[in-house]
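Visitor: Read off the chains here:
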Amino acid sequence: MGGQWGFTTSRPTDARYGDDVAKYAMSHGEPGLKTFVREVLQNSNDARLDNDQPARVTFKLESLQGDEAIEYLRALDIETWAEHANLASDTESGKHIAEAIKRIKDDEKIRILTIEDENTEGLLGEENADESNFTALVRDVLFSSKSGDTAGGSYGLGKAVLWLYSGLSLVMFNSTLSEPNPKDQSPRLIGRTRLPTHKSEDGDTVYQGHGWYGGLNGDEEGARPESIWGGEAESIADDLQLSRPDGPGTSIQVVDFRVPTAEERLDDEELADQITEMAIEWFWPAIYRGDLEVAVEVDGETKQASIDEYPQYEPFTNCLDDRDDSVSELNEPGDVAQASISLDVPEKSDGSGGADGQLGLLVRRANKGEYQHRNEVAFVRGAGMVVEYYDRDRVVVGNQDFHAVLVGGRARPWGTDESPQDADTIVEEFLTAAEPPQHDEWVRTETLANTYSRGFRTAVEGIKSDVTETLRGLVAPDVDRGTTGAQRLGNRFKIGNKSRSGRSDRESPSSQRVTGDTNISFDDVYTHWSFNGEVEPLSDRNEIRAVTVSLIRMAEERATSDRLPVKNISSDTTGVSISLPVQNGVQVGRLEPAPGTSNISFEGVSIEDHRQVETRLKVSVDVAERRDE
Amino acid sequence: MTTELYHLQSAAHPMIDNRFLADERELTEEDLRPYLQPLGRSIDLSPVDERIEEIRADDDIDAQDSLIDAELAPTLHRTLDLTRNEAADAGLWHYLCVVRFPEFVHYRWDHVFDPESPGNMEEKFLKAGTDAYSNALHRIWWGAELTYEEGESGDPEDRDYSRTKQVLGFQELANDILDHDFARYVPVTHACGDLLCHDALNNLKEEGAYDDPPSNSNIVSRTTTLLREELTVRRVEMMEEDDIVETIENLRDDVMRLEAGWS
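Order-wise, the sequence lines are chains A and B.
If you read the first sequence in this note's numbering, its first letter stands for residue 1, the second for the next number, and so on.
If you read the second sequence in this note's numbering, its first letter stands for residue 630, the second for the next number, and so on.
Keep in mind the hints are simulated off the structure, nothing from the lab.
Ideal Cβ positions, reconstructed from N, Cα and C, are used throughout, including at glycine.
Heads up, some of the hints might be wrong.
Here are the simulated distance ranges between beta carbons [said to hold, decoys possible]:
no. : chain 1 : residue 1 : chain 2 : residue 2 : range
1   : A       : 585       : B       : 834       : 21 to 27 Å
2   : A       : 627       : B       : 862       : 43 to 49 Å
3   : A       : 327       : B       : 669       : 40 to 46 Å
4   : A       : 369       : B       : 813       : 21 to 27 Å
5   : A       : 34        : B       : 670       : 56 to 62 Å
6   : A       : 622       : B       : 660       : 50 to 56 Å
7   : A       : 368       : B       : 813       : 16 to 22 Å
A partial selection of chain B residues facing chain A, derived with a Cβ cut-off under 8 Å [unchecked claim]:
no. : residue
8   : 809
9   : 810
10  : 811
11  : 854
12  : 857
13  : 860
14  : 861
15  : 862
One chain only, chain B, in its complex shape:
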């Protein structure tokens, strides 16, 4: 069964109140009808529903675990085969989160809800656009878009999402990449994903080249901060891919050796 895609207009935002955020009531397509603008596309989203069911049934994945993002990403990205232009429409993601997948959003993010300051939960439903960090589904889709590798056939089924899973499965890394401007340039997100994921960092630590390296989260947070500082004086789009990799490796090296300066 296909789902018709809509853009949810911002006039509907006041309806996303504390009761909705606390999962005490639903908002149906009927409730929101006056604010739904058809986008003229229908997509069969049942693979996404099925994958969510599997994830919820998986004993190794707890509710609210960042692994949920990593596990859902390949299916969501393959199924919601949007152009970047379409994916930049915040209202589409608002519709998907509020109307089509609210249960999923609650399952993944309920722990951030605080009735006193509902903003953190609200943004899981209502952010998006240039903010690739907040909206629950938009974040996963863009996380995949910026990290997957195209297969030889160019067929969505042939895509390699292993980097996507490494990035989204490591919340600190996903946040540090998605929250910053450099994420808009794919060679950087690829290099960050490859050089700063748990596997890469654990391998380095096992090699024992560094005496007392910081935690993986600290390495990621510090290295990406240094990278952002570096990019105040270098234009990343002008850098060769080798140069990007070398720059990040060198910064990571400083961090591993605890020589990364001042925080």
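The following block holds chain A by itself, in its conformation from the complex:
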């Protein structure tokens, strides 16, 4: 007896899916291993049981070969699955999946990554519950059931990475529940695949693409297979190398694990090392506080991820260790100073909440040789994950090098005897809402706009400039800090790239009149630069007449007059006319919006660039008084 695959049907008129949208939403920007490790650990961290024990997560990498691989694939009922996968091969992603399954069958070799967590809730909930761990992870797309205020994830999007990192878009789950289920016995086993929409061979049935591996109840056509429980689940789990220890938690198996953008397949050892380091890099707060333990197992050998082995993160943990002995001036390497930054959380739209909150900034003067993450501020809230390392290299000319931690929300009192206050909980909730799906920064998000009343934008956008301002005071105590309010505002709204040398940027007229955000990064897959940005005038009385985007080559000391041509630019702002004019012999991107446009966003790419030297984005914005519409 084993499980079977079943695929949900849909009507011919229903929407068709070439692939799973959520997978791409998550992979946008950072499709390397980082997204995967962050999301997986965040899921387990959020599901930690409310006791004194840490959530324990083990990544197990295995490459199965020959008979072992064949046995495994048989247990997976791969033949039924492959029939469907092969029907979907008229789409791009379907083709890749069909190729992957052929490769696996030909080579008789498959790599699986199993993420086993312990002391977590497990996949609680009825098969068809509206809101449960089970339905959130296994069934739903873009639903999150995590408690809204403190969980690391609040979109339900993160789990989509599981399928993105499976060459077959196939993930298996085996879970021991933390609360007894009235009907059934743990463990609970189920699999899920996300294929493109496809038709049966005779063309009569349309399959939406979502498939489940489990037990079928009755013969109902198109019914979804449901979880297999108890002894049967245990026996299948054995065949699938997915058995679990006794305690509550979930094992997730990514079948044919791959890093979607990696140029070559890394070997297991290298992957293991990368996973370990990333776990420390992004979760040292949770690990340091004993809330999370991470291990990686390759060929049966387990290695614990320990901060001691990655001393480059110790300057950050030292900030918390030495908080109680903080000094007022950073005279000696290793000294820690602290400061408070206020964050006024506005009321929610329904009138609740709102608080004069505080964030704690802990700054430690660097020792010689501590060069990794130097002059960076780790942004952390109660979830214990580093949201972002905010680079403040040369925040003032001639400063002292430092490492800093910004603790917000429930993390604010870390390192002291205090407990979180009500205001900290309100801040925690606010910061969570300020995280985009990737949870990698605190910015203005749709959730913020929908939840909070006026003032949220000033609050969230002011965090970074307040951190910079406070750092200036701590790392360069002799500098005259008589900055006026207007100048502070100018800095806060400066757009484009910061000056590398710490010299004050020359203020261009547009930077004083517009606000916005720009990003540029190199895309190894396409060997070009990808950029995007968003600009809007500071004043409601103004509108944007034109935006010109050029790509500037940097030299050691300053920008050169070299430009890299823009190959393409697009905008999802309605009514924008787009052109690629040539300026001084080089193609630039130009956007001219319809009258009355105040906010304009764009994205684009450079031509192929094999030199890959430092390149920055320059955005010039023509702003004028709003015309009558």
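Put chain B on the given structure of chain A with help from the hints.
Guide: Frame of chain A; chain B shown alone:
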């Protein structure tokens, strides 16, 4: 006769006015006495005076020619036997240019003087320090310091200044090297001097490997720009000397073939 070396304090800078820059008046040691701080070293600078006389008398070298720098460099560098630490003292060069060798500075640079914007001339007397490009003598001394080869004996007389002459005799090359951060690393200045001097470029052109190569000045300016861009992602001090040479050769190659991208 030896010359006592001084540091000219910046408080004296207002005296370097348009009349001085236009060579309408001199500033003597007496005039500047309150602003002169002795450095405790005396050097016989007469070989430099003599060499300047010879250069001025040479019919093949015009006033204001960059060849002047090239011809003076070996003598200046050998005679002013300073440590790098001493040579980093801007006030020393201000003293030498303003008090000891003003005639030379005028002879070499008078063409840049513009009473409306005297900055270009002023920097020939008063820049220096980390700016290896501007001060008339500092520029020559550092140009030599960064390009000469030590002889086997280690004796100043035994030094080989042929690269120095190639670099300083080619104004574009001297400027492009001295004005940029990479000049602080000698293996790079040596490689740039050897690969981008007139002799090297003319040889390449004679070999005829490139169809329609740009002018030597353009090759130098473009190659050094590409090098500076390259060094945004590579740490030059971590590169082997062979690697530095190969990098510059490859960039020069792109420029010669007119494939150097966008300007």
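Visitor: Between residue 369(A) and residue 813(B), does the beta-carbon spacing fit 21 to 27 Å?
Guide: 22 Å, holds
Visitor: Against chain A, run the beta carbon of residue 862(B) and see if the smallest gap drops under 8 Å.
Guide: 5 Å, holds
Visitor: Is 21 to 27 Å respected by the C-beta to C-beta distance linking residue 585(A) and residue 834(B)?
Guide: 25 Å, holds
Visitor: Do the numbers back the hint for residue 809(B), that is, is its least Cβ distance to chain A under 8 Å?
Guide: 7 Å, holds
Visitor: Between residue 368(A) and residue 813(B), is the Cβ distance one that fits in 16 to 22 Å?
Guide: At 21 Å between Cβs, range holds.
Visitor: With 8 Å as the cut and Cβ atoms as the points, is residue 810(B) at the interface with chain A?
Guide: 5 Å, holds
Visitor: A closest beta-carbon separation below 8 Å is what the hint needs, so does residue 811(B) meet it against chain A?
Guide: 6 Å, holds
Visitor: The hint names residue 857(B) as touching chain A; please verify it with the least Cβ-Cβ distance against 8 Å.
Guide: 3 Å, holds
Visitor: Are residue 854(B) and chain A close enough, Cβ to Cβ, to be under 8 Å, as the hint says?
Guide: This interface hint holds because 6 Å falls under the 8 Å limit.
Visitor: Does the closest beta carbon of chain A sit nearer than 8 Å to the beta carbon of residue 861(B)?
Guide: Nearest chain A Cβ about 3 Å off; hint holds.
Visitor: I want to verify a distance hint. Is the separation of the beta carbons of residue 34(A) and residue 670(B) within 56 to 62 Å?
Guide: 58 Å, holds
Visitor: If I claimed the Cβ atoms of residue 622(A) and residue 660(B) lie 50 to 56 Å apart, would that claim hold in this structure?
Guide: Check passed, 55 Å falls within 50 to 56 Å.
The earlier numbered hints are all upheld by this structure, with none contradicted.
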